[in-house]
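J.: Read off the chains here:
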Amino acid sequence: MSGSRAQAIVRWTARTVLRATVVLWASATLVFFITRLVPGDPAEAALGGPGSQASEEALDAVRQRYGFDQPLIVQYGIAMLALLRLDLGTSYALRQPVVQILADTVPGTATLAVLALLLAWAMALALTLSHTRSSRAGAAIGDTVEIVASAVPHFWLATILIAVFSTALAWFPPVSTGTPAGLVLPVVTLAVPIAGFLAHVMRGSLDEALSAPFATSAVARGETATGLRFRHALRHAALPALGLSAWAFGYLIGGAVVVETIFARPGLGRSLLQAVTVRDVPVVTGVVLVSALVYVILTVVTDALTRIIDPRIGIVTR
Amino acid sequence: MTHTTSPAVDPLLAVPTPGRRWRRVTLGEVVAVVFAVSLVVASVAPGFLAPQNPAAVAPLDSFQPPSLAHPFGTDESGRDVYTRIVHGAGSSLLIGLAATGIGLATALLLALVAVFGGRFADAVVGRTVEVLFAFPALLSALLVILVLGPGPVAATVAVGLSTAPGYARIIRTSLLRVRASGYVESARLLGHSPARIVLRTILPNALSPLLALATLGVGQAVVWASSLSFLGLGAQPPAPEWGAMLASARVYLTTAWWLTVFPGLLILATTLATTTIGRSLDARSAGWGQSGPSGQSGQSGQSGRPS
Amino acid sequence: MTLLAVEELSVSFGAGRDRTSVVRNVSFSIAPGECVAIVGESGSGKSVTARTILGLAGTGSHVDARRLELAGHDVSRLAERELQRLRGDVVGLISQDALVSLDPLRRVGAEVGDPLRLHRRTSARARRRAVVDLLARVGVPRPELRARQYPHELSGGLRQRSLIASGIAAEPRLLIADEPTTALDMTVQAGILRLLADLRDAETGLLLISHDLGVVASLADRVLVMRHGRVIDEGPTAVILAGGAHPYTRELVHAVPEGVPRHTALLAREAESAPVPAQAGSSSQMPADAGARPVLSATGLEKSFGRGSHATRAVDGVDVHVQSGETLGVVGESGSGKTTVGRLLLALTEPDAGAVLLEGEAWSGVPERSRRPRRRLVGFVSQDTSSTVDPRWTVEHVIADALPGGLSPRQRRERAAEALAGVALEPALLDRSPRTLSGGQRQRVGIARALAAEPRVLVLDEPVSALDATVAAGVLDLLDDLQRERGLSYVLISHDLSVIRHMSDRVAVMHEGRIVETGPTETVFTAPEHEYTRRLLADVPMRPSI
Amino acid sequence: MRSRPRRSLIPVAAVAASALVLSACAGDSEPTATGPTTGGTLVYASGDAEPTCLDPHVGGNYPQALLATQFLESLVSRDAEGEIVPWLAESWTVSDDALTWEFTLADGVEFTDGTPFDAEAVKVNVEHLQDPATQSSTGYLAVEKVASVEAVDDLTARFTLSEPDSALLESLSQPWLAIESPAGIARGMEENCESPVGTGPFVVDSWAKQDRVTLTRNDDYSSPPADALHDGPAYLDGIEWRFIPDSASRYAALQAGEVQVIDNVQPDVLVQAEGSDSLVELDAPRPGSSNRIELNSGKAPFDDVAVREAFIRSVNVDDAVSSLFQGTAERSFSPLASVEPAAYSDDSLFGYDLDEANTLLDEAGWSEKDSDGVRTKDGERLTLAFPVSTNQSIPAEVSLFEQLQAGAKDAGFDVQLDLLDLASWYAALGANDYDLVSAPYTKVGPDVLRILYHSDGIVPAPSGYFANHAQVDDTAVDALLDEASATLDEADRAALYEEAQADVLEGYYILPLYDQQNHFLLSTSVHDARALGTVSTPSFAAAWLS
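Residue numbers (numbering that gives the first Met the number 0), protein chains in the order written: chain A, 0 to 317; chain B, 0 to 306; chain C, 0 to 545; chain D, 0 to 545.
Warning: the hint list may mix true and false statements.
[As the list claims (entries may be wrong)] Residues on chain A that point at chain B, a partial pick, calculated with CB under 7 Å: (1) Phe31; (2) Phe32; (3) Ile33; (4) Leu58; (5) Val61; (6) Leu128; (7) Ile252; (8) Val275; (9) Ser290; (10) Ala291.
[Claimed, not checked] Pairs of lysine to any residue, SDA-like flavour, derived with a Cα cap of 20 Å: (11) D:Lys298 <-> D:Asp318; (12) D:Lys208 <-> D:Pro232; (13) D:Lys122 <-> D:Glu162; (14) D:Lys144 <-> D:Leu487; (15) D:Lys408 <-> B:Ala122; (16) D:Lys408 <-> B:Ala57; (17) D:Lys298 <-> D:Glu162; (18) D:Lys208 <-> D:Asn60; (19) D:Lys408 <-> B:Leu59; (20) D:Lys122 <-> D:Leu160; (21) D:Lys208 <-> A:Leu80; (22) D:Lys122 <-> D:Gln134; (23) D:Lys408 <-> B:Gly77; (24) D:Lys208 <-> A:Thr176; (25) D:Lys208 <-> A:Gln99; (26) D:Lys408 <-> B:Ala55.
[Stated by the list, open to error] Computed Cβ-Cβ distance ranges for the label pairs, DEER-style: (27) D:Val270 <-> B:Val33: 37 to 43 Å; (28) D:Glu189 <-> A:Leu17: 55 to 61 Å; (29) B:Ala282 <-> A:Val9: 51 to 57 Å.
Hint data in this document are derived by calculation from the structure and do not stem from the laboratory.
Ideal Cβ placement from N, Cα and C applies to all residues, glycine included.
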C-alpha cells in the first residue's frame with residue numbers, strides 16, 4: 000500500500016515537473032516571438048530608443064552583440080540556450096542584467112503579493128463566516144460587498160485609501176517607507192478585489208456544504224452551528240478558493256503594476272510598466288517569465304494542497 | 000428509489016408549475032437593469048441625458064465643485080463632469096463590449112477547435128490555454144500593448160485577448176458537458192446527423208451561458224481598460240472615457256476630489272450592475288436547465304479569471 | 000412508557016398567503032423496542048414528520064403540536080442548545096443516502112465518533128476504540144482500517160453501515176431511519192435490515208420512514224400511511240399490508256408488482272380479486288415460437304474500460320437475443336454490467352469483441368453513417384428522462400424531434416399530441432417544459448418520444464426506478480399495454496426483481512459482467528440454478544404472505 | 000586677453016531670480032529664532048523618471064542633473080543674476096582668437112574617494128564626455144568645439160577649441176559637464192553609473208533601484224561655488240532621494256511628513272499650498288528655451304507664414320494658462336526662458352484675434368469650410384497633426400493643448416492631438432509626421448537658440464533625432480546664430496541673439512507659452528535650500544532642518 004503510494008507520488012511529481020517545464024518553455028517561446036513583433040529596430044531600442052543619437056556604427060555593434068542580424072530561428076535558439084543558463088540578457092534602459100533587476104525587484108513584489116493573498120483569504124473567510132444563509136438581506140449585502148470589492152479598480156481604491164487613511168486620518172504613510180506601516184495600504188489595495196472573488200466562491204461552496212445531506216446528518220448528531228461551520232463546511236468552502244489562489248497570485252502581480260506605481264514601491268510591476276513604456280524587451284520578457292514561473296509553482300502547490308485537503312482526488316488519480 | 004422531499008423545501012414548490020420557473024426579481028436586479036438601461040441610453044443618445052457639449056471648454060469656469068449647475072462639478076478646463084461622464088459611457092461601454100467580444104470570440108474559436116478538432120487539437124489548445132493562464136491578465140495585456148503601442152484600440156484588444164484563456168476554459172467545459180449529456184445521446188439515438196446535433200443541440204445549449212458570461216465580463220473589462228488608461232496605456236484624454244478621465248483626475252485629487260470620485264463610482268456602478276445582471280441570468284439559466292453554467296460561470300470570471 | 004409521543008402535529012412552511020401545510024394533525028407514539036413505520040410517496044410529509052422530531056423541520060417552518068415529547072422532553076419548546084444535546088444522544092438519525100450523508104472530507108472514524116465527542120466526555124483514544132467497536136458491531140469488516148479511510152473509499156453498503164454506526168454511537172433510545180436501504184443492492188439491503196432488527200430487539204425505539212413495503216414488512220410493528228400530509232391509515236403491519244382500511248393503502252399495496260403475473264395490470268386490479276395467473280403461461284410461451292427471428296441479438300460481447308492494469312472488464316462474453324414482441328429482463332446488482340450491455344445494444348459504444356445484429360444485419364462494427372438510418376428502430380427510455388431532453392425544449396419539440404422529417408408544423412403538433420395521447424397524457428402538456436412535469440409525466444414523455452420514432456425494440460434502463468410506487472405501477476401498466484398493442488420488443492434493465500418478474504418473458508441474470516443464468520422468467524425465479532441467483536432471491540425482503 | 004567676463008546684460012530675470020533663494024522668503028515670513036542646526040536626513044521625493052545611470056555624462060537628462068547637483072560640481076556656476084561665477088575653477092582667461100581658454104583650478108580640493116582634483120582630472124572628464132563609448136549626448140554636444148584639454152600644471156587646465164564658442168562657460172556650468180573623479184571613471188561605466196564620485200557636499204552611498212538613492216554628507220567638503228550661502232560641509236547628515244512617480248502620492252507623502260521636498264508640483268497643489276503655513280514653494284524655471292509650441296514650417300500648411308500667424312492668432316493662450324496654471328506660471332512671449340538674461344520678448348505678435356486669423360486664412364486660400372467647420376483648400380482639410388509626448392508634457396499642459404485645440408477649431412483648424420509614448424513620439428517626429436509639437440530644451444545660456452533654430456538642426460541624426468522642430472530654414476537666422484556663437488563680447492552677442500529671436504518670433508515659427516515649469520514644494524522645516532542659477536536644480540549644500 001505505502002509502496003504504491005510512494006510510487007504514485009513519484010509519478011505525480013514527475014508528471015507535474017514535466018508539465019511545468021513544458022508550460023515554462025512554451026511561455027518563453029511565446030514571449031520570444033511576441034516580442035519580435037514589437038515594432039521598431041531592436042538595436043535602436045537597445046541604445047535608448049529613437050530619441051538617442053546613436054550612430055550607425057553603434058547600431059551595428061549592438062546588432063552583432065545581441066545577434067539581431069541572425070535569422071530568427073537562430074536568435075530563438077540562442078535565447079533558449081541563454082535561458083537554460085538563467086541568462087535573460089541585459090536591460091536596454093537600465094543597462095543591467097535582467098536577472099539582477101529581477102533579483103532586486105522580486106522580493107518586494109513577492110512580499111506584497113503574499114501578504115495581500117493572506118489578507119484576502121482572511122477577509123474572505125471573515126466575510127464568509129459572518130454571513131448568515133437564512134437571511135435574505137444578509138445574502139444581498141454579502142453579494143453587494145463581494146461584487147463591489149471584486150469590481151473596484153486598484154488605482155481608484157488606492158486613491159481613496161490614501162485620501163482617507165493618509166491625508167485625512169494620518170494613520171498610514173501614503174508611500175512605501177520600508178516599515179510595516181508602509182505596507183498596509185498597498186496590501187489592502189491589492190487584497191480587496193481578490194477577497195471579493197474568494198469570498199464569492201467560498202460563500203457559494205459554504206452554502207452548498209451547509210445544505211448538503213452530510214450537514215444535516217452532522218446536525219442530527221448534535222453538532223452545533225459553529226461546529227458545523229468550522230468542522231465541516233469550511234473545508235468545503237476553502238477548496239475552490241484554494242484552486243483560485245494560483246490565479247489570484249497572477250492577478251496580484253498584475254495589480255502590483257498599479258499599486259507599486261502609486262505607493263512608490265520598488266518591484267516587479269513597476270519595472271514592467273517602465274519597461275513597457277520604453278519598450279525594454281529583455282525586462283518585459285524577464286518579468287513575464289518570472290510570473291509564469293510563479294504561476295506554475297503556485298499551481299503545483301495549490302494542486303498538492305487540494306489533494307491533501309480533499310481525499311477524493313488523491314495523488315493516485317489523474 | 001424514490002426521492003423523498005428534502006425537509007427544508009416546501010414540497011408544493013417542489014412540484015413545479017410553469018409560472019414558478021422564474022425566481023422572484025429582487026430589488027437589486029431592478030436597480031441594476033434600470034442603471035444598465037440608462038447606460039445604454041447614454042451610449043446611444045448621450046444628448047438625451049446631457050444636452051451640453053462634452054468638449055466645450057470654459058477655462059474661467061474650471062475646478063467648480065459639484066453644484067446645481069454642475070452636479071458632478073467641472074474639470075481643469077471648465078468642462079462639465081456630468082456631461083463628460085454621460086458622453087463617456089459610450090466609449091467606456093464600447094471598450095468593455097468590444098474587449099469582451101474579442102475575448103469571447105477568441106475563446107469560442109479555441110474551444111471549438113479543442114472540442115471538435117480531435118484529440119490532438121484538444122491537447123494543443125489545452126496546453127496553449129494553460130500557457131496563456133500562466134500570464135496574469137494585466138501582464139498579457141501589457142504584452143499586447145508592447146506590440147501594438149498604447150492607445151484605446153490596443154487597450155481593448157489587450158483586455159480582450161487577456162480574458163480569452165479564462166473564457167476558453169469555461170466554454171470548452173461547457174461544450175464537453177453538453178456533448179456528453181443525455182440529450183445529445185438521445186439525439187444520436189434518433190439518428191440525427193452530427194451536423195444537426197452540433198447546430199441544434201450542442202451549440203445552443205453550450206453557448207447559452209455565454210450571455211451571462213459576457214455580461215459579467217463587460218464590467219470587468221471596463222475596469223481593466225480603465226486601469227490601462229490610468230497607466231497611460233489606454234484611451235487618452237481628452238476622450239471622455241472614464242478610465243482616462245480618472246487617470247487625468249488623479250493629478251487633481253487633492254484639490255478636486257469630485258473629478259476622481261464620480262467617474263470611479265460610475266465604473267463601480269457599471270460593474271455592479273453588469274455583475275448583478277450576469278449572475279441573475281446565470282442563476283436563471285441554471286434553474287432552467289442543468290446545462291446552465293452553475294458553478295462554472297457562477298464564479299464566472301473567477302473560475303477562469305475575471306477577465 | 001412511551002419513548003416518543005406525537006399528538007396533532009402540524010408543520011407548515013412560509014407565511015401569509017404562501018403558507019403551505021405539509022404535515023397535518025399527525026399523531027402516533029413509539030415505545031422502546033417498538034418499530035413504527037411511516038409509508039407514503041414523495042411529498043406525503045413523512046420525512047418532514049421525522050425531522051420535526053429532531054427539531055430539524057427546516058428554515059421557514061412552523062411547527063404546531065399538542066404534544067411532541069421525546070423521552071420526557073418537550074421538543075417543541077426546547078431551545079436550539081438543548082435540542083443539540085438531545086440529537087445524537089437520545090435520538091439518532093440515519094439518513095437515506097449514505098453516499099452524501101457522510102462528509103467526504105473527513106475520515107469515517109471521525110464521523111462515526113462525532114456523537115461521542117459531542118455528548119460523552121471521552122478521551123480521543125477511548126473514542127477511537129469505541130469507533131472501531133461500533134464499526135465492528137454494525138458488521139464492517141476490518142474496522143480499524145475503515146475508520147481511517149474516507150467515505151469515498153468505502154462501498155455503498157459499508158457507508159450505510161458506518162452511518163448507522165454513527166447514528167447509534169451514543170446509544171440513542173430512539174433511532175429514526177429515513178429510507179435506510181434505498182439505493183442499496185438487495186444483498187446489502189438484507190444485511191442492513193437485519194442490523195436494524197437487532198437494534199429494535201435491543202429495546203431501541205425505531206421510526207422507519209420508507210416507501211418500500213417490503214422493507215416495512217420485515218421490520219415494523221405498526222405502520223402509518225401518509226398522504227398529502229395526513230395519516231390516512233394506520234394499524235398493525237399485517238393489516239396495512241393486507242390493504243388496510245383506506246382505498247389508497249390498497250392502491251399502494253397493489254402498486255408493488257411483487258407476485259403479480261405478467262400482463263396483469265397493477266393499478267386496475269380489483270383489490271379483492273385474486274391474481275390471475277392464467278395468462279401468464281401462455282404469454283411467456285408466445286415469444287419462444289420456434290423460428291421467430293430475433294429482433295436484436297448479441298453474441299460474445301466483451302467490453303473493458305480503462306487501460307493496462309487498471310482495466311476493468313465490464314461485460315465479459317454476453318449473449319442476448321430479443322425476439323419480436325417479447326420482453327427480455329436483464330437483472331443484476333449495480334456494477335454487474337447490465338447498463339453496459341444496454342449501451343452496447345443501443346450501439347452507443349462498440350464492443351471489444353462479439354457482435355450485435357439488428358434484424359439480422361450488422362449493428363455493431365459498422366460505421367455510424369450506415370447505422371444512422373436504422374437508429375430509429377431501436378428506442379431508449381432511461382431512468383431519468385429529464386436528463387435526456389434538451390433543457391430548452393418544450394414537450395412538443397422533444398417529441399417532434401423524434402418524428403420523421405418532412406412534416407408541416409401543424410402536422411408535427413398533431414402527431415406529437417397523438418403521441419402524448421398514446422401514453423395517456425393530455426395535449427395541454429405540449430407547451431410545457433419537461434422539467435416542469437412530475438416524474439411520472441416525464442417518464443411518459445420519454446416513452447412517447449421513443450415511440451414517436453416507431454421503433455421495433457425499446458431498451459428500458461431502470462424505467463421506473465426513480466418513481467413512486469403507484470406512479471411506477473402506472474408506467475409499467477402502460478408499457479405492457481403498448482407492447483401488446485404494437486408488438487414491441489423490450490429489453491428491460493432493472494435491479495428490481497419484482498419489476499423484472501412482473502414484466503419479463505425471459506430473464507438474464509448478470510453478475511460481474513457475465514450472464515450467470517438465463518431462461519423463462521418463472522423458471523429462473525422459482526427454480527434458480529445458479530448459486531448467485533439463489534442468493535439474490537433470498538435477499539429480497541419478502542412480504543409476509545397475505 | 001581679458002579676464003573673467005563680467006556683467007550680465009539685461010536684468011529681465013531679476014524678478015524670477017530673486018525667488019530662487021528660498022531662504023529669503025522663508026526667513027521673512029518667520030522670525031528666525033535659531034541659526035542653522037547640524038544633523039538630520041532630508042527626504043526628497045522626485046517625480047522625474049528614475050535615472051538609469053547616476054553619472055550625468057552618460058546620456059544627460061534632467062533627472063540626472065537633479066541628483067548630480069547633490070554630489071558633483073562643475074568648473075563654473077551661474078548666479079541668480081545670470082552671471083557666470085567661479086566654482087571648481089577660480090578664474091579663467093581666454094585668448095584673443097577665442098580659441099584658447101585657461102582655467103585656474105581651486106587648490107586643495109579632493110574627490111570623495113581621495114583622488115586630488117587637478118587639471119588632469121579636468122582633461123579626463125572632457126575626454127570621457129567625448130568618448131563615444133560614454134554614450135553622452137548633452138555633455139557631448141556642449142564640448143563639441145573643444146579640440147583638446149591640456150594639463151599645463153596641476154592647477155591650470157588649457158582648453159583648445161576648434162572654433163570660437165561664446166557658450167563655453169555656460170556649457171561648462173551645467174551639471175552634465177560636472178567633474179568626476181578620474182579614479183571613479185576608471186572603474187568602468189557600470190560601476191560609475193551606480194556611484195559617481197565627485198567633490199560635492201554629498202556622497203552617493205547606495206542606490207536601491209526604483210526606490211531611493213541614499214546620499215551621505217561629505218565631511219571634507221570645501222569647494223562651494225562663489226555664490227554659496229554657506230562654506231564647508233553640509234548641515235544635513237544626508238539626503239534620502241526617493242522616486243515617487245505618482246504626483247498625488249508625492250504630495251500626500253509631503254503632507255504626511257514622510258518627505259520634506261517634492262518636485263514636479265501640480266499647479267492646483269501649488270495654489271492649495273499657498274494657503275498652508277507648513278509648506279513653502281520654490282519656483283525655479285529652467286533655463287534654455289521657453290515652453291512653446293513649434294509650428295512645422297517644413298511642410299504644408301505651415302510652410303505659409305500667413306497660416307502660421309493665423310493659427311497663433313486663433314488661440315487664446317492667456318485664458319488657458321491662467322485657468323490651468325492658476326497664476327503659478329507667467330505667460331511667455333520669448334523663445335528663451337525668462338531666467339536667461341538674453342531673452343527677448345515681443346507680446347505684440349501674439350494677441351488673440353479670431354477675426355484676424357479668419358482674414359489671414361481666407362487670404363491664404365483656406366476659404367472653404369466643410370460640414371465639420373474645418374477649412375479646406377483644393378479639397379484638402381486644414382488638419383494639424385499634434386503629437387504629444389506623455390513623458391514630456393505634464394497633465395496641465397495636455398489640458399492646455401486641449402483648450403487650444405478647441406479655440407483653433409473656431410478658426411477652422413482641425414487639430415489632431417495624439418498622445419504618444421516617447422518612442423512613438425520620436426518616430427512621428429522622425430517621419431516628419433507633425434504640424435505642431437511641443438518640446439522643451441534645457442540648456443544654460445542663449446546658445447540653445449542655435450540648437451533649436453539653426454538649419455543644421457533640421458538634418459536628422461542616424462537615429463532620426465533632430466532639434467529644429469519648427470524647421471526654421473532661414474539663412475539670416477543661421478548667420479546671426481553662427482556669429483553670436485563666435486562673439487565673446489557680451490553686448491554684441493546679446494544683440495545678435497536678440498535679432499535672431501526677433502526673426503524667429505516674427506516668422507511665427509513658434510508660439511511661446513510659459514517658462515519650463517520647475518516648482519518645488521518644501522516643508523517649512525527645511526531652511527536655506529536654493530535652486531542653482533545654472534539649470535535650476537535644487538541644492539541642499541546649505542540646507543538645515545528645524
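J.: All hints are to be evaluated individually against the structure, with a verdict given for each.
T.: Quick rundown of the hints versus the structure:
Here the hint on phenylalanine 31 (chain A) is broken, as its CB sits about 12 Å from the closest CB of chain B, past 7 Å. Interface restraint check for phenylalanine 32 (chain A): the shortest CB-CB distance to chain B comes to about 10 Å, outside 7 Å, so the restraint is violated. Residue-level restraint check for isoleucine 33 (chain A) holds (minimum Cβ-Cβ distance to chain B is 6 Å; threshold 7 Å). Residue-level restraint check for leucine 58 (chain A) is violated (minimum Cβ-Cβ distance to chain B is 21 Å; threshold 7 Å).
The interface hint given for valine 61 (chain A) is violated, since its Cβ lies 19 Å from the closest Cβ of chain B, which is over the 7 Å cut-off. Given the 7 Å rule on beta carbons, the hint for leucine 128 (chain A) is violated: about 19 Å separates it from the nearest Cβ of chain B. The criterion of a C-beta within 7 Å of any C-beta in chain B is met by isoleucine 252 (chain A), whose closest approach is roughly 5 Å, and the hint holds. For the restraint placing valine 275 (chain A) at the interface with chain B, the shortest Cβ-Cβ distance is roughly 5 Å, inside the 7 Å limit, so the hint holds.
The interface hint given for serine 290 (chain A) is met, as the beta carbon of that residue sits about 6 Å from the closest beta carbon of chain B, less than 7 Å. Among the interface hints, the one on alanine 291 (chain A) holds; its C-beta lies about 4 Å from the nearest C-beta in chain B, closer than the 7 Å criterion. Using a Cα cut-off of 20 Å, the hinted pair lysine 298 (chain D) and aspartate 318 (chain D) is violated, with the two alpha carbons roughly 30 Å apart. For the proposed pair lysine 208 (chain D) and proline 232 (chain D), the alpha carbon gap of about 27 Å is over 20 Å, so the pair is violated.
Of the supplied pair hints, the one linking lysine 122 (chain D) and glutamate 162 (chain D) holds, its CA atoms being roughly 19 Å apart against a limit of 20 Å. About 15 Å separates the Cα atoms of lysine 144 (chain D) and leucine 487 (chain D), which keeps this hinted pair within 20 Å; it holds. Straight-line distance between C-alpha atoms of lysine 408 (chain D) and alanine 122 (chain B) comes to about 57 Å, which puts the hinted pair past the 20 Å bound. Taken as a hint, the lysine 408 (chain D) and alanine 57 (chain B) pair is honoured in the structure, with Cα atoms around 14 Å apart against an allowance of 20 Å.
Our distance criterion of 20 Å between C-alpha atoms is broken by lysine 298 (chain D) and glutamate 162 (chain D), whose separation comes to about 33 Å. In summary, the hint linking lysine 208 (chain D) to asparagine 60 (chain D) is supported, as the alpha carbons are separated by about 18 Å, within the 20 Å threshold. The hinted pair formed by lysine 408 (chain D) and leucine 59 (chain B) meets the criterion: a straight-line CA distance of about 19 Å does not exceed 20 Å. Annotation: proposed proximity of lysine 122 (chain D) to leucine 160 (chain D) holds, straight-line Cα distance about 13 Å (limit 20 Å).
At most 20 Å may separate the alpha-carbon atoms for a hinted pair to count; lysine 208 (chain D) and leucine 80 (chain A) exceed this at roughly 28 Å. This hinted pair checks out: lysine 122 (chain D) and glutamine 134 (chain D) have alpha carbons roughly 18 Å apart, not beyond 20 Å. Taking the CA atoms of lysine 408 (chain D) and glycine 77 (chain B), the gap is near 17 Å; set against the 20 Å cutoff, the hint holds. Only pairs whose Cα atoms come within 20 Å are accepted, and lysine 208 (chain D) paired with threonine 176 (chain A) is accepted, the gap being roughly 14 Å.
This hinted pair checks out: lysine 208 (chain D) and glutamine 99 (chain A) have alpha carbons roughly 11 Å apart, not beyond 20 Å. This hinted pair checks out: lysine 408 (chain D) and alanine 55 (chain B) have alpha carbons roughly 11 Å apart, not beyond 20 Å. In this structure the hint that valine 270 (chain D) and valine 33 (chain B) lie 37 to 43 Å apart at CB holds, the actual value being about 40 Å. A hinted range of 55 to 61 Å for the beta carbons of glutamate 189 (chain D) and leucine 17 (chain A) is inconsistent with their spacing of about 39 Å.
Checking the proposed 51 to 57 Å range against alanine 282 (chain B) and valine 9 (chain A) shows it is violated: the Cβ atoms sit about 44 Å from each other.
In this structure, the earlier hints numbered 1, 2, 4, 5, 6, 11, 12, 15, 17, 21, 28, 29 are contradicted, and the remaining ones agree with it.
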